[in-house]
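Top to bottom, those sequences are chains A and B.
When we follow numbering that gives the first Met the number 0, the leftmost residue of the first sequence carries the number 0, and every step to the right adds one.
When we follow numbering that gives the first Met the number 0, the leftmost residue of the second sequence carries the number 0, and every step to the right adds one.
Read the hints as simulated data drawn from the structure, not as lab findings.
Hints are supplied without guarantee of correctness; some may be wrong.
Claimed, not checked - Here are the simulated DSS-like pairs of lysine-lysine, each with C-alpha atoms no more than 27 Å apart in a straight line:
1. B:56 / A:245
2. B:13 / A:245
3. B:13 / B:60
4. B:60 / A:245
Said to hold, decoys possible - Here are a few chain A residues that face chain B, going by a calculated C-beta distance under 7 Å:
5. 2
6. 3
7. 4
8. 9
9. 221
10. 242
11. 246
12. 282
Unchecked claim - Which stretches of chain A does chain B cover? Using the computed rule of at least three CB atoms under 8 Å from a CB of chain B, they are:
13. 226 to 236
14. 283 to 295
A virtual CB, placed ideally from N, CA and C, is assigned to each residue, including glycine.
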Amino acid sequence: MKRSVVTSPSRIIRISAVLLIAFAVVAAVSALTGPAGIGIGRVLKGLAFGWREGSPALEPFEKTILVSVRLPRIIFAGIVGAALSTAGVVFQALLRNPLADPYILGVSGGSAVGAIMGIIIGVGCIPFGIPALAFLGAVLTVALVFMIGSRDGRLDSNTLLLAGVIVNAFFSAVIMFFISTGSNADLHNIAFWMMGDMSLADWDKIVLMIFLLAVGTGIVCCCARPLNLIVAGEETAMQLGVDVRKIKIVLFFAGSLVTAVAVSFTGIIGFVGLVIPHMMRMMLGTDHRLLLPASFLFGASFLVIADTVARAVFPGMELPVGVITALCGAPYFIYLLRTRSA
Amino acid sequence: MAMITIAGIDFRYKDIWALRDVSFDVRRGEFLGIIGPNGSGKSTLIRIVDGILAPEKGDIKINGEDIGGMRRRDLARLVAVVPQDSAMIFPFKAVEVVMMGRSPHLGMLRYEGDRDFEVVRRAMEMTDTLSLAERYMETLSGGERQRILIARALAQEPKVVLLDESTAFLDIRHQTAFFDLMKALNEEKGLTVVAATHDINLAAAYCNRIMLLRNGHIHSLGVPGDVITETNIRAVYETDVLVDDNPLNGLPRVTLMSANLSGRGSRSKAGAAPQL
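Sequences are here, hints too, so could you generate the full structure?
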């Protein structure tokens with residue numbers, strides 16, 4: 000028996016380091032992509048000599064584009080991709096269902112209703128107005144689904160799943176109602192939000208998101224071993240010493256928090272939270288101590304790539320990033336399913 | 000001295016009583032079989048001893064400790080379960096599954112150390128599964144998977160192993176191989192084994208004592224020869240059987256006696272009664 004078959008801390012660090020470098024490369028390429036034509040040579044000069052006016056490096060407006068527009072957007076996309084992928088791993092494991100995604104418990108529908116109400120009332124001008132309403136919608140929905148899905152303080156996975164599906168269906172009807180009665184200007188905003196809008200990135204939001212996500216992902220990562228056991232069966236996990244009831248409550252809340260944060264700031268970006276956990280599991284196995292950090296990092300890169308494509312493919316106009324994630328994600332996923340039968 | 004002491008257990012699912020006033024001891028190093036028809040409470044009893052279900056009334060002591068207030072982790076270091084089958088939805092390698100048995104010793108965050116690998120290696124050696132270590136669980140046969148699950152139970156280093164219909168999906172060769180292995184571990188390592196099973200003949204062959212459950216009560220409890228009698232089986236299973244002495248070991252042997260099986264039926268041309 001080779002020890003290397005079992006995940007070791009050094010393997011986790013090795014793979015994480017590779018994925019981190021990959022993210023850095025992706026982020027750099029993304030930062031240099033765009034209509035303003037900022038070349039790598041001048042960025043490096045700027046980093047080396049400082050950003051002075053008249054220096055051989057970037058012009059001040061170019062620096063502004065880089066630091067205040069592109070960089071926050073990259074970080075933003077990275078955070079959201081990481082959050083959705085991590086939440087996807089958690090929900091697939093807790094529900095023991097490879098088709099689960101972060102939205103399966105109704106977070107998407109609830110936050111969409113919140114955001115759409117915000118758009119219609121016109122709170123877009125207040126800082127954090129729409130994210131706050133979307134977050135509220137998400138939190139209320141999760142609370143409702145948990146209430147439906149719990150029996151004497153125990154969360155039953157199948158009931159939760161059904162409750163989530165039903166609540167999402169109900170909210171789709173509400174959303175369709177708003178769409179069919181809304182004004183044209185609102186409709187554009189609503190459509191963008193529903194497919195994921197990255198154009199609202201700024202450093203204030205990033206700081207808030209990082210704080211909230213650190214809490215959520217921190218909790219999740221501490222529960223990696225119990226997650227392995229829960230995947231093997233809830234009763235098995237109990238027999239192997241896991242307080243399943245407590246861990247499930249903690250993880251469902253942490254996963255929902257992470258999802259709600261991501262969704263509130265960007266809208267509903269589909270496919271990331273479904274595909275990335277799968278891809279990582281096919282490549283690296285089911286040990287969540289490796290699967291969680293790997294999905295976190297790879298999800299970040301994936302969404303940065305998707306967002307870069309979304310803003311570069313048609314110069315002068317932007318696609319919702321959710322269009323790209325689904326267009327690239329679905330075929331690749333089918334390819335994986337057909338070629339790898341693990 | 001008793002390894003497991005069960006005193007006055009009541010348990011019900013909603014308004015259906017599954018166990019009523021069940022009390023018994025399991026001695027240290029004993030191999031106890033639990034038999035009884037479907038719904039008689041075998042699995043419920045196993046799950047109560049493992050603390051998965053909490054009884055409405057009564058006490059369970061294992062190795063002298065009341066399991067009522069015990070943390071799951073501490074209980075998992077005392078008691079291990081070999082289930083019927085373990086369907087893995089996501090891919091796990093055999094050695095990863097055996098290593099799961101170490102988790103009650105490791106907690107949430109600690110990584111496996113030298114001792115954990117040594118315990119797992121020995122558990123896989125004992126169950127003859129070392130060659131399967133790197134295979135994925137879903138590529139293994141039913142018999143191989145059950146051996147992996149025994150190895151996982153052994154990796155917990157428990158004092159008690161509970162078998163919950165562990166051989167239900169195995170063919171006769173693997174059933175006997177499974178029980179041979181459990182018996183060897185029971186005799187050589189002094190492991191206390193409690194086996195809930197439908198197979199009365201297997202129970203008779205391997206268990207020191209047998210408990211016959213009927214509608215949540217203990218109908219009888221004792222050595223196989225005293226419990227497995229035509230009267231008892233007929234009363235509890237409500238079916239006719241022939242019980243005679245197994246010529247190999249003198250233990251009771253049960254033969255089913257429905258019209259077809261006893262040779263009076265049209266299909267049984269060979270004449271002799273097939274044995275289960």
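Verification of the supplied hints:
no.	hint	verdict
1	B:56 / A:245	holds (24 Å)
2	B:13 / A:245	holds (23 Å)
3	B:13 / B:60	holds (25 Å)
4	B:60 / A:245	holds (24 Å)
5	2	holds (6 Å)
6	3	violated (10 Å)
7	4	holds (5 Å)
8	9	violated (10 Å)
9	221	holds (6 Å)
10	242	holds (5 Å)
11	246	violated (9 Å)
12	282	violated (11 Å)
13	226 to 236	holds (count 7)
14	283 to 295	holds (count 3)
In summary, the numbered hints that this structure violates are 6, 8, 11 and 12.
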